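Sequence lines, in order, name chains H and B. Positions in the first sequence are counted from 1; adding 215 to them yields the working numbering. Positions in the second sequence are counted from 1; adding 2 to them yields the working numbering.
Hints listed in this document are in silico derivations from the structure and should not be mistaken for laboratory results. All figures in this text were calculated on a predicted structure; none of them were measured in a lab. We put the beta carbon where it would ideally sit given N, CA and C, even for glycine. Any given hint might turn out to be false.
[What the hints assert, rightly or not] FRET-style restraints, in silico, Cβ to Cβ:
1) B:Asn136 x H:Asn265: 43 to 53 Å
2) H:Tyr382 x B:Asp467: 56 to 66 Å
3) H:Ile293 x B:Thr121: 46 to 56 Å
4) B:Glu491 x H:Asn273: 48 to 58 Å
[Stated by the list, open to error] Below are the DSS-like pairs computed for lysine-lysine, each with C-alpha atoms no more than 25 Å apart in a straight line:
5) B:Lys274 x B:Lys371
6) H:Lys240 x B:Lys519
7) B:Lys519 x H:Lys378
The chain contents come next:
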Amino acid sequence: MKKSNIIMLLAAILPLGLFLFPLWKITLEAPQYPIPLGMYIHINDFSDANPHDIKNINLMNHYVGMKYIPDAIPEFKIFPIGIIITSVIGLLIAFKGNYKWFLGWFILMIAISAAGMYDFYLWEHDYGHNLDPKAIMKFTNPDGTQMGFQPPLFGSRDILNFKAHSYPQLGALFLTLGIATGLIAYFIGKKNHKKSLLM
Amino acid sequence: MKNLLKLTLALVFVLFTYTSCNNSKSSDNKSGALASNVAEKVYVAPGEHDEFYAFISGGYSGNLTVYGLPSGRMFKEIPVFSQFATSGYGYSEETKPMLNTSHGFIPWGDSHHPDISQTKGEIDGRFVFINENNTPRIAKIDLKTFETTEIIEVPNSAGNHSSSFVTENTEYVVAGTRFSVPIPQRDMPINEYKGNFQGALSFISVAPETGNMDIKFQVLMPGFNYDLSHPGRGKSHGWFFFTTYNTEEASSLLEVNASQNDKDFIAAVNWKKIEDYVNNGGGTMMPADYAHNVYDEHTHTATSTMKKEVRVVNPVDVPGAVFFLPTPKSPHGCDVDPSGEYIVGNGKLSANLTVHSFTKMLAAIEGEKFDGEAYGIPILKFEDVLAGSVEQPGLGPLHTEFDGQGNAYTTFFISSEVVKWKLGTWEVIDRKPTYYSVGHLTIPGGNSGKPQGKYMFAMNKITKDRYLPTGPEMEHSAQLYDISGEKMELLLDFPTHGEPHYAAAMRADLIKERSQKIYNLEDNKHPYAAFTDDDTKVVRKGNEVHIYMTTIRSHFSPDNIEGVKVGDKVYFHVTNLEQDFDVPHGFAVLGQNTSELLIMPGQTKSSVWEPTKVGVWPFYCTDFCSALHQEMQGYIRVSPADSNTPIKWSLGEDIE
Ligand SMILES: [Cu+2]
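Sequences are here, hints too, so could you generate the full structure?
Following this line, the structure appears as structure tokens:
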């Protein structure tokens with residue numbers, strides 16, 4: 216097996232780390248929570264950073280009219296299938312395909328990840344803006360529009376008395392590494408191809 | 003943070019000296035906290051934690067209070083033997099059984115000597131045991147939750163004072179009787195006390211895993227007063243030592259009649275020997291009535307079981323198990339040093355402090371050098387067991403603790419002081435006054451093989467001029483001393499609640515790591531729990547109405563209840579659905595004739611309310627729980643006894 220194909224094999228396997236480690240983490244800090252509240256987003260689940268955190272986030276958020284974080288979202292069915300399919304494709308081209316396919320896989324993965332991030336953004340936006348009109352507390356921005364409570368997609372932001380942090384976790388690292396390795400496999404494959412043509 | 007404090011203090015000091023330069027008098031006087039940095043030694047900065055927990059008994063309050071050291075801040079009052087309206091302990095349906103006894107429901111107690119469980123002679127921080135003197139009982143408090151989880155009544159006992167000290171692997175908690183009584187109890191002339199009354203020393207086994215208590219056996223001793231006790235440790239593990247007074251066996255005017263003998267005894271009990279005897283079928287079962295109350299953390303409910311018999315042992319039937327060590331005069335405290343060699347008998351009417359040697363005691367027993375016997379129990383010769391004595395250290399020695407560095411600290415009630423002396427040489431090293439009339443003193447890890455001799459605190463009976471006069475009755479006072487150096491240094495006065503009789507203290511980190519923050523709702527097995535608003539309901543059973551209610555920030559469910567009638571017995575079963583640390587909810591209804599409830603996250607508690615008046619009565623949350631705490635309320639409608647208002651309940655809507 217060619218060196219580039221072995222690297223491609225690795226690229227196809229790495230994203231499966233998403234099934235072992237969380238993808239993302241949102242943390243909420245406030246003075247009355249010496250241990251910050253937090254939730255992990257996995258490929259197929261939400262989970263508490265500390266026991267009962269999601270319940271306590273829900274309880275707190277209902278004051279401003281935010282919905283409860285659901286037990287499951289449709290993406291939890293779609294994402295795992297997507298990752299399994301792309302990994303299988305990656306494995307197939309690692310065994311059978313040439314380096315040009317590797318680039319194709321890389322582009323596919325970028326596209327899927329971007330779509331995923333966009334979906335995540337939409338969900339966060341809805342969660343932070345689609346508020347109960349009977350909310351106990353209502354806040355407006357300086358310009359008079361209703362204040363949203365959307366956590367940042369990436370990075371940190373102050374939301375009322377909370378500081379919200381949103382950062383990728385180990386699962387996201389595996390996915391990124393897999394995608395990057397796909398691109399590396401392409402370049403190595405291309406280089407070797409040129410070498411073999413010259414010889 | 004400490005540097006900042008030093009800087010501030012230094013700055014203050016500089017300013018102080020600068021301004022006083024303007025005075026004609028110079029500022030040589032360096033007394034007080036600033037000069038010696040004493041304030042810094044007890045200062046625990048905001049957000050920082052105390053190094054030690056101290057569990058101080060409340061005497062007649064029946065409770066146990068938890069303090070931090072070195073700050074002297076009170077953190078919690080744990081109800082044990084007394085009803086406690088703050089939380090509903092002893093008032094709620096679930097906790098009423100905790101105060102059940104063979105004499106019926108007893109709403110108060112007189113708590114004395116807390117002691118922390120041990121493993122291999124070291125404090126393990128699992129449980130605190132504490133005795134109730136008046137109606138003899140021993141309680142166990144779980145240090146995971148700081149809740150009283152078990153209380154066992156002690157039959158054949160009266161004035162449960164030489165208690166509740168534990169052996170070095172918490173094999174037993176001991177409960178010795180202060181007053182001897184007829185055993186079994188019977189109607190007889192009091193002046194026939196001598197020779198007819200007996201003293202029971204109870205050995206309560208503690209199951210290693212669960213901590214469940216059970217009276218394994220009682221030793222029926224001669225009719226003396228058994229005052230205090232301590233376990234042997236290390237080389238003397240397997241023995242227990244009890245001080246006695248009134249070896250005269252007087253029943254009247256004891257202050258004179260029980261102070262006649264030049265020497266009373268320390269009873270040395272080889273419990274291992276008696277345990278073997280019992281394990282081989284020794285002793286006899288005697289009819290006895292006593293309550294065993296156990297709190298179940300899953301049903302959040304206590305049950306009270308009446309026991310019908312107890313195993314008693316006549317010490318004469320177990321040769322070599324019990325001996326008397328003559329000790330001058332009316333010894334009170336009985337304290338064993340960390341090595342287990344020295345047994346300090348604090349003769350409260352004696353000019354000297356008497357210390358016995360365990361090694362010498364064994365040799366004397368071996369040589370059978372007896373000085374007669376009392377009721378068949380051999381009396382050893384005073385000179386044969388004496389290790390030494392501290393000559394004229396003060397007036398009225400009561401209690402001794404040890405720092406693990408070979409030093410002992412004894413309180414003197416009459417001369418109001420603590421005296422530090424050296425084991426083995428018996429020389430006095432230091433003495434410091436206390437304010438005033440000191441009883442017990444505590445060194446963290448005191449009753450163990452490994453004292454943590456950094457601090458010592460004395461518990462005083464009289465407070466006088468130490469605080470703002472709040473009189474006539476004032477809270478008693480504890481005083482904290484730094485004992486890390488050669489000389490003791492008084493650091494702090496702090497008030498305590500009730501009578502601070504004795505205390506057990508330990509490093510905080512052992513408990514902090516295991517502290518339980520909430521009760522898991524999934525583990526709640528309370529028969530009347532409601533886990534969601536959909537589970538809530540109101541059920542009538544004859545004239546009983548059971549309300550399955552939930553609380554969460556910031557509402558009750560249901561919050562409108564109708565169909566209750568005058569003469570009904572209304573049970574509010576309230577489940578707190580919160581799962582966040584330190585978010586209890588309260589419950590109270592107008593005219594409540596028991597007490598409010600304070601319900602911890604994940605817990606269910608029940609309160610009975612017997613409405614006597616027609617009307618619409620509010621109920622509300624008593625614990626400020628959230629921004630909308632004030633809105634956390636509801637109404638219950640009470641109709642006349644003969645009405646037929648149907649049962650209805652609702653939340654978030656009007657009743658049609
Ligand atoms: Cu509340």
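Okay, the hints, checked on the actual structure:
{"no.": "1", "hint": "B:Asn136 x H:Asn265: 43 to 53 Å", "result": "holds, 44 Å"}
{"no.": "2", "hint": "H:Tyr382 x B:Asp467: 56 to 66 Å", "result": "holds, 60 Å"}
{"no.": "3", "hint": "H:Ile293 x B:Thr121: 46 to 56 Å", "result": "holds, 54 Å"}
{"no.": "4", "hint": "B:Glu491 x H:Asn273: 48 to 58 Å", "result": "holds, 53 Å"}
{"no.": "5", "hint": "B:Lys274 x B:Lys371", "result": "holds, 22 Å"}
{"no.": "6", "hint": "H:Lys240 x B:Lys519", "result": "holds, 24 Å"}
{"no.": "7", "hint": "B:Lys519 x H:Lys378", "result": "holds, 24 Å"}
The structure is consistent with each of the numbered hints, conforming to all of them.
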